[in-house]
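Trainee: Each chain is listed here by its residues.
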Amino acid sequence: MKSYISYFKLKFITGLSYRAQAIAGIMTQFFFGFVYISVYVAFYESNHSSLPMELDEIVGYLWMSQSLFSLIYLWYKDSEIINMIKTGNIAYELLRPQNLYFMWCSKILGERLSRVTLRFLPVIIIAVLLPKPYNLDISITAFRLLLFIVSMIFSSILMTVLVCLYHVICLFTLDERGVVNIFMVIADILSGLVIPVPFFPKFMQNISNILPFRYISDFPFRLYVGNIDFNEIFISLGMQIIWILILFILGKTLTNKALKRVVVQGG
Amino acid sequence: MNVIEVKNLCKTFKVKEKEKGFIGSIKSLIKPKYKKIEAVKDISFDVEKGQIIAFIGPNGAGKSTTIKMLTGILYNDSGTINVMGINPNKKRKKLAYEIGCVFGQKEQLWTHLTPYDNFKFFGSIYDLENSVIEKKIKEFKEIFELDEFINTPVRNLSLGQRIRCEIVASLIHDPKILFLDEPTIGLDPIVKENIRTLIKRMNKEYKTTIFLTSHDVGDIEKLCKRVIIVNKGEIVLDDSMENLKYHYLNKKIIELKMKEKVNLDDSKGITILKDKGYNLKLEVDTKKTSISDALKLIDANNIIDINISNVPLEDIIKSIYKGEK
Numbered sequence: 001m002k003s004y005i006s007y008f009k010l011k012f013i014t015g016l017s018y019r020a021q022a023i024a025g026i027m028t029q030f031f032f033g034f035v036y037i038s039v040y041v042a043f044y045e046s047n048h049s050s051l052p053m054e055l056d057e058i059v060g061y062l063w064m065s066q067s068l069f070s071l072i073y074l075w076y077k078d079s080e081i082i083n084m085i086k087t088g089n090i091a092y093e094l095l096r097p098q099n100l101y102f103m104w105c106s107k108i109l110g111e112r113l114s115r116v117t118l119r120f121l122p123v124i125i126i127a128v129l130l131p132k133p134y135n136l137d138i139s140i141t142a143f144r145l146l147l148f149i150v151s152m153i154f155s156s157i158l159m160t161v162l163v164c165l166y167h168v169i170c171l172f173t174l175d176e177r178g179v180v181n182i183f184m185v186i187a188d189i190l191s192g193l194v195i196p197v198p199f200f201p202k203f204m205q206n207i208s209n210i211l212p213f214r215y216i217s218d219f220p221f222r223l224y225v226g227n228i229d230f231n232e233i234f235i236s237l238g239m240q241i242i243w244i245l246i247l248f249i250l251g252k253t254l255t256n257k258a259l260k261r262v263v264v265q266g267g
Numbered sequence: 001m002n003v004i005e006v007k008n009l010c011k012t013f014k015v016k017e018k019e020k021g022f023i024g025s026i027k028s029l030i031k032p033k034y035k036k037i038e039a040v041k042d043i044s045f046d047v048e049k050g051q052i053i054a055f056i057g058p059n060g061a062g063k064s065t066t067i068k069m070l071t072g073i074l075y076n077d078s079g080t081i082n083v084m085g086i087n088p089n090k091k092r093k094k095l096a097y098e099i100g101c102v103f104g105q106k107e108q109l110w111t112h113l114t115p116y117d118n119f120k121f122f123g124s125i126y127d128l129e130n131s132v133i134e135k136k137i138k139e140f141k142e143i144f145e146l147d148e149f150i151n152t153p154v155r156n157l158s159l160g161q162r163i164r165c166e167i168v169a170s171l172i173h174d175p176k177i178l179f180l181d182e183p184t185i186g187l188d189p190i191v192k193e194n195i196r197t198l199i200k201r202m203n204k205e206y207k208t209t210i211f212l213t214s215h216d217v218g219d220i221e222k223l224c225k226r227v228i229i230v231n232k233g234e235i236v237l238d239d240s241m242e243n244l245k246y247h248y249l250n251k252k253i254i255e256l257k258m259k260e261k262v263n264l265d266d267s268k269g270i271t272i273l274k275d276k277g278y279n280l281k282l283e284v285d286t287k288k289t290s291i292s293d294a295l296k297l298i299d300a301n302n303i304i305d306i307n308i309s310n311v312p313l314e315d316i317i318k319s320i321y322k323g324e325k
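Line by line, the protein sequences give chains A and B.
Just so we're aligned, residue 1 is where the first sequence starts under my numbering, counting upward by one.
Just so we're aligned, residue 1 is where the second sequence starts under my numbering, counting upward by one.
So that you can see chain A by itself, here it is in the shape it has in the complex (with noise of 0.2 Å):
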């Protein structure tokens, strides 16, 4: 355990001396959370017929969507693993006693949580700052909180399992564009990042409901901003879980199965 927080802690420190890079992200991301929320606000004034979320609700959930984006966006790739497989460089990592699935889990979890833990209060305090409709509403129940935070705990677990699991896949393909992308584009969409999950038609929300992606972002966020019945949190905490376990086994076999046939790149 101690060796797999070693990879963690490793990965996490690097991702904290990129400073540039984060300092454009926050940018980044603070532009396209006043893109969107402008769009809505637009949208709102213009509309009046009823929509499944109120103004404020929508302002919160981007914010929160921006925030935490570098945790949550699903198309991240860590390319030192890719390239590990492209040069052949993974011999090494097959040397360290190590489980491989466990070392790549460790591994994207730290570079992930580093990059979010620059951009995160920044991007939080100005949006707290902005005035009204832009602003981001901080007042919620200690419950509520706490059951975000629980939320959020799960979400990052599962976008890990999620996100080993294309760079397991890469270990068969030995490369990275293909079948993960496409993969990706679908679930990027079905998150919930590109149009919050309410506003879909019902069979796609049907859709996405089954699927893993809109539990690692769309339904915290709404569980948040409080645009979310009781029951259907706890039936999300278990749909969490539930694909946490399915992706974890599904990875873990693959990758046993990938280090049977593995070819060694390169002499």
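These aren't lab readings, by the way, just hints derived from the structure by calculation.
Each hint should be verified, as a subset may be incorrect.
[As the list claims (entries may be wrong)] Here are the simulated DSS-like cross-link-like pairs (lysine-lysine), alpha carbons at most 25 Å apart as the crow flies:
| no. | chain 1 | residue 1 | chain 2 | residue 2 |
| --- | --- | --- | --- | --- |
| 1 | A | K2 | B | K176 |
| 2 | B | K49 | A | K86 |
| 3 | B | K106 | A | K260 |
| 4 | B | K49 | A | K2 |
| 5 | B | K33 | A | K260 |
| 6 | B | K49 | B | K245 |
| 7 | B | K94 | A | K257 |
| 8 | B | K252 | B | K225 |
[Unchecked claim] Incomplete in silico selection of chain B near chain A, CB under 8 Å:
| no. | residue |
| --- | --- |
| 9 | I73 |
| 10 | K106 |
| 11 | E129 |
Treat the numbers as computed from the prediction; the structure is a model and nothing was measured.
All residues carry an ideal CB built from backbone N, CA and C; glycine is no exception.
Got chain A; can you put chain B on it based on the hints?
Mentor: For chain B alone, kept in the frame of chain A given last:
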């Protein structure tokens, strides 16, 4: 005591085969064809504790594949492997504590960290206590003369410095066997010599068994007591370095510089390798003709310079690769 035991080891790779040109690409997209390549076929050998053994062969002979199977990176198709009493396929993680590995063509260090931080990291993934890691680093810092650059990020190091650090990173957990896959590739002669001395010292001080592959004859000649030569996936020779040399040493090379032109022809046991009139190069097979008989053929008064030498190891190995006896 044997630290490595290998019996009837085999490994076959499936490689995609593509017909030439555009149409070939489309064909292989629809129905890929595979070709089987036998990288390693039926290899058996044992290695004793504390030995330095050279495992050599031409490119594509199956050396690296064998190393990768011994270290648990690749799975073997058939045969048995036993390294430190462990089957690498089944207990890869357990084996990792016992072995170290340096691939001269690959990198394991984190380039943005200093060697010191790297060593600390590698120590921690082998579950070593902090005090033990510090002690080890101090020890290796002296042996490998890392003082100058131990706090410089790895990406700013020269190749020679980096390879030294790569070796130390592989030794931090006190492995019983060290696998070196072309450790001196791309290094200048002085650094090469330096690394050889270090490897020798390591072997003496820690009784580490060393399993080396290299294309550098110097590495093999200066380090190894035993040589295994593989070609096309099979062992063609497994012998001590002394035997190998002795076997081929009954051939001598005589180089002559003469005052006047001489005419010499191939005769029993003597082969003319080069004849430029004044300069001659002969190979004498001492099993058939003694050196003194060979020299009698030459007019001693006519000689300006004479040089008698052994066949260089490089030529010996070359002829073994080609399958000559």
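Trainee: Run every hint past the structure and note whether it holds.
Mentor: Hint-by-hint comparison with the structure:
no., hint, in the structure
1, K2/A / K176/B, "holds (23 Å)"
2, K49/B / K86/A, "violated (35 Å)"
3, K106/B / K260/A, "holds (21 Å)"
4, K49/B / K2/A, "violated (31 Å)"
5, K33/B / K260/A, "holds (21 Å)"
6, K49/B / K245/B, "holds (23 Å)"
7, K94/B / K257/A, "holds (19 Å)"
8, K252/B / K225/B, "holds (23 Å)"
9, I73, "holds (5 Å)"
10, K106, "holds (5 Å)"
11, E129, "violated (10 Å)"
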